[in-house]
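One letter stands for each residue in the lines below.
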Amino acid sequence: MAILVNSETRVAIQGITGREGMTRAQLMKDYGTKVVAGITPGRGGQDVYGVPVFDSVAQAWEKEGPLDASVIFVPAASVKNAALEAIDVGVRLLVIVPDRVPIHDVLEIAARAGEKGVKFVGPNTLGLVSPGQAVLGMIGGRAERAREWFRPGSVGVSSRSGGMTSAMSYYLTQAGLGQSTIIHVGGDAIIGLSHPEVMELFEQDPETRLAVMFGEIGTTQEERVADLIEKGKFTKPLIAYVGGKAAKSGTRFSHAGAIVEGSRGSYETKVKRLKEVGVHVVEVISDIPKEAKQILG
Amino acid sequence: MARLFEYQSKRLLALGGIPIPDGAVASTPEEARDIAARIGKPVVLKIQVWLTGRAGLGGIQFASNPAEAEEKARQLLGMKIRNFVVDKVLVEQKLAIKAEYFVGLVLDDSLKRPLLVFSPAGGTGVEEMARLHPEKVARQAIDVVKGFPEYEARNMLIKAGIGGNLLLKIADLLTKLYQVARSNDARSAEVNPLVLTEDDAVYAADCHIVVDDYAVYRHPEMGIEVAREFDRPPTELEKIAYRIEEKDHRGTFYFFQMVEKVEAADKYIGFHGAGGGGSMMSMDAVLNRGFKLANYCDTSGNPPASKVYRAAKIILSQPGIMGYFASGSGVASQEQYHSARGLVKAFHEERLAIPAVIRLGGNFEEKAVEILKAYLKDIPGVVEGYGRDDSPEFCSRRLEELVAGNQALGHEVKPFSEVPVPENAYAFATLTGRISIDQQKCAACRTKGCIEACTYKVLKLEEGKPVLAIPVEEAKRGKCTECLACEIFCTFHEQDAIVIRLPIPGLKEYREKIIAGINIY
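Protein chains in written order, with numbering that gives the first Met the number 0: chain W, 0 to 296; chain Y, 0 to 520.
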């Protein structure tokens, strides 16, 4: 099962002829992802590792058939355009890998995606992997590494840190616990799928029996996961780590921010809220596999 | 997040058609006098710093004539508040205030939309108002595709109890504020207070805009020096670090200082992380052992060895640190030996005398740890390397033990010196540095190991001497990745003929000041 992506998902890569796009096209294909088309305007007719390249998403759709997901590797300044193009043509899932995408561009992508019921991951994401089935983005780096580090199983992983996404999953694999889907939601302030939205997807996935979440200070994602649990919308066991205990709670500059968020966003509030609703909050990452084994029995 | 000063924010408001008080910014008392003379009415002088509560700090003064404005400006300019030294005051017409309101725009992460907030109580009481009477504070989420029509602004104001002529004036201001925020890529824009004067005019009396770091490139006119989140101006060392990051886009490099001065009695360490989440986790681990951080640093996204080297040199420009801790996520996709080589070069040049614990987990970590072990055994400080199966907790415990056993105590900053290079040495430029090879020494070399060490095949052998195997321009464009492997091999196994210079502009002068005991803050 897994969430968002499986071995049947038909995938396009926007920006496939660039340095990053090319390298990751190989990773995705080698891992078994069904990459059916690449898009780089002006490069139609070429091919990259056997993937045909088209000038536009519409053209790719017309020639290769429906596209379920698009992984975007274009420069940050062009991301908005690429994302809106894919949404417009009818792609249902976007993975926006680039870092440094202007936040107002992300707001516009979010608005358009919201209108059409399209989901997107990122920006600033390593992507996601459903072990044994498919990888979208660059998680794992190389196919053989991804196969070694991630194994199919019943733990859903969601992380705001790219490096920690791999690290937590690797430690779970070492402990003999496989993963249903591993997702790096991205490090920016405004992102497509955030922790609470990912938890809702894990809730619906029969294969996922337990979720693991790497949280961080800032934003309200972890608090919203707690809200979700409180409302009974997420009922599976959850192990969480919240990073940034040490960071000074910054001198808050914006009254509006304080009015909107209240005390949300701080380490203390996040941990308190998560504990209140029964989340297993660990102090150190290496406790996650132990805790997971206990829960899964 | 790049913060704008009040006077810069107000300039953007004025361009967007929002009324602001008549005024201008002054850098000298004389300028303040001239501005006051031009206004021809009583004025207010406001220090330009990124701090709230300026009035309570004495940073807001009134003057009834130009001479008084000059005198007040003289008091304010040069004033030191926390890390700020006041170098500008805003001189503005004093308003006859009838009422104050609050308007703020933020980007809401749960709604994924801009959210406009209006409160009928302005000034410093706004947060209390929101807590005690949330029903009086109006909020409106904005659809960026549809825009923010004036009727939506009016409806939110009506909810907050605003009516009559004022309703139209403030609604107009709100729609314009949204336009200003959107067109300037603002993360937040706040007008507090929004003032209604005795003659029923509306003015943005104060304003703070924070611009999205990632969009600063669209606004060169803003003149933002360091597009990073700071609650104070960047320190001199931070500026030195930022100039490196700005010029070298291979991987990322983030550096900021956590304290003004490292006190010897406290257990301060230099912190060098890799990747945001891994860095945070590692930071938590050392803090749990009672360490304090002199700085936070993050080199990630596959940085070349040269960037890691420069980061280490900058971290080691902080006197008094008791140890050096480097640790990332532990399971990095990038080859870890690049970081190892960068650290080897830096630690050697510094003759590091404090203990260092380096956790380099990920691809090729065994080789990385081996590099640290092989080449750092002869420096005064103990350096230990670890991989992905050693937790940050274990590593911070090791650092604690090493620090406890170290007699050298705090780190001593040394003058920034460069290894001399003979004038006739064979040399070529790389993307950010220069490699020179003293070929006379190469005669005694038996292994020619530099050629083998160069995995990118930038070097080749010609008449028994290493030379460039590619055109000079290609080496300069980045074909030579500055991996430092040739220099390290030559230094430790052969004739010490290769010198790689990686300049760090400003660091030499900075260290001179540190050594001379000049207060750099």
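Treat the hints with care, since some could be wrong.
16 Å max Cα-Cα, derived EDC-like pairs, lysine to aspartate or glutamate [to be verified]:
{"#": "1", "chain 1": "W", "residue 1": "Lys115", "chain 2": "Y", "residue 2": "Glu493"}
{"#": "2", "chain 1": "W", "residue 1": "Lys33", "chain 2": "W", "residue 2": "Asp54"}
{"#": "3", "chain 1": "Y", "residue 1": "Lys111", "chain 2": "W", "residue 2": "Glu107"}
{"#": "4", "chain 1": "Y", "residue 1": "Lys145", "chain 2": "W", "residue 2": "Asp204"}
{"#": "5", "chain 1": "W", "residue 1": "Lys235", "chain 2": "W", "residue 2": "Asp204"}
{"#": "6", "chain 1": "Y", "residue 1": "Lys111", "chain 2": "W", "residue 2": "Asp204"}
{"#": "7", "chain 1": "W", "residue 1": "Lys271", "chain 2": "W", "residue 2": "Glu229"}
{"#": "8", "chain 1": "Y", "residue 1": "Lys93", "chain 2": "Y", "residue 2": "Glu126"}
{"#": "9", "chain 1": "W", "residue 1": "Lys230", "chain 2": "W", "residue 2": "Glu196"}
{"#": "10", "chain 1": "Y", "residue 1": "Lys238", "chain 2": "Y", "residue 2": "Glu462"}
{"#": "11", "chain 1": "W", "residue 1": "Lys289", "chain 2": "Y", "residue 2": "Asp388"}
{"#": "12", "chain 1": "Y", "residue 1": "Lys440", "chain 2": "Y", "residue 2": "Glu365"}
{"#": "13", "chain 1": "Y", "residue 1": "Lys440", "chain 2": "Y", "residue 2": "Glu462"}
{"#": "14", "chain 1": "Y", "residue 1": "Lys447", "chain 2": "Y", "residue 2": "Asp437"}
{"#": "15", "chain 1": "W", "residue 1": "Lys232", "chain 2": "W", "residue 2": "Glu196"}
{"#": "16", "chain 1": "Y", "residue 1": "Lys111", "chain 2": "W", "residue 2": "Glu114"}
{"#": "17", "chain 1": "Y", "residue 1": "Lys168", "chain 2": "Y", "residue 2": "Asp142"}
{"#": "18", "chain 1": "Y", "residue 1": "Lys440", "chain 2": "Y", "residue 2": "Glu417"}
{"#": "19", "chain 1": "Y", "residue 1": "Lys168", "chain 2": "Y", "residue 2": "Glu149"}
{"#": "20", "chain 1": "W", "residue 1": "Lys244", "chain 2": "Y", "residue 2": "Glu392"}
{"#": "21", "chain 1": "W", "residue 1": "Lys235", "chain 2": "W", "residue 2": "Glu196"}
{"#": "22", "chain 1": "Y", "residue 1": "Lys145", "chain 2": "W", "residue 2": "Glu114"}
{"#": "23", "chain 1": "Y", "residue 1": "Lys175", "chain 2": "Y", "residue 2": "Asp199"}
{"#": "24", "chain 1": "Y", "residue 1": "Lys97", "chain 2": "Y", "residue 2": "Asp199"}
None of these hints come from the bench; they were simulated from the model.
Which numbered hints fail:
When the structure is compared with the hints, numbers 1, 2, 4, 6, 8, 10, 12, 17, 18 and 23 turn out to be violated.
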